Amino acid sequence: MEEDRPDIYEYLGTFSNEDARLLLDAFLCEEIEYTLDVDKMGLETMSPIQAATGGTFGTGVGMAIGVHIDDCDRAMAIQQRVLKIRL
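Residue numbers 327 to 413, in my numbering, belong to the letters of the sequence shown in order.
For the record, the hints were derived by calculation from the structure and aren't laboratory data.
Just so you know, these numbers come straight off a predicted model, no measurement behind them.
C-beta: ideal position from N, C-alpha, C; glycine also.
Careful, some of the hints might be misleading.
[As the list claims (entries may be wrong)] Distance windows between CB atoms, simulated: (1) 398 x 348: 16 to 22 Å; (2) 399 x 348: 16 to 22 Å; (3) 411 x 332: 26 to 32 Å; (4) 331 x 410: 26 to 32 Å; (5) 406 x 335: 29 to 35 Å; (6) 407 x 336: 14 to 20 Å; (7) 332 x 362: 17 to 23 Å.
Please construct the entire structure, taking both the sequences and the accompanying hints into account.
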């Protein structure tokens with residue numbers, strides 16, 4: 327991480343594990359700074375046993391990804407390309 331960039335991340339979304347892996351691999355290749363946001367995954371108040379076994383319906387089943395604010399536009403373009411999202 328570059329020291330001259332403050333740690334400001336924008337929530338990109340919550341993705342299935344498969345989609346998250348594709349995105350994170352692409353972000354690494356393109357040198358996009360990212361973070362995984364546990365609070366947005368609904369795991370913060372979940373018991374460790376419940377989280378380890380997949381959470382509950384709609385909770386803890388995906389990866390919440392944030393990207394550095396300076397990389398947001400490039401990350402959105404990568405997301406559209408990798409996940410083939412049409413706007």
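The hints, checked one at a time:
1. 398 x 348: 16 to 22 Å: 18 Å, holds
2. 399 x 348: 16 to 22 Å: 19 Å Cβ-Cβ, so the 16 to 22 Å window holds.
3. 411 x 332: 26 to 32 Å: Given range 26 to 32 Å: holds, Cβ gap about 29 Å.
4. 331 x 410: 26 to 32 Å: 30 Å, holds
5. 406 x 335: 29 to 35 Å: Taking Cβ atoms as reference, residue 406 and residue 335 lie about 19 Å apart, which means the hint is violated.
6. 407 x 336: 14 to 20 Å: With Cβ atoms ~18 Å apart, the hint holds.
7. 332 x 362: 17 to 23 Å: 19 Å, holds
When the structure is compared with the earlier hints, a violation turns up for hint 5 alone.
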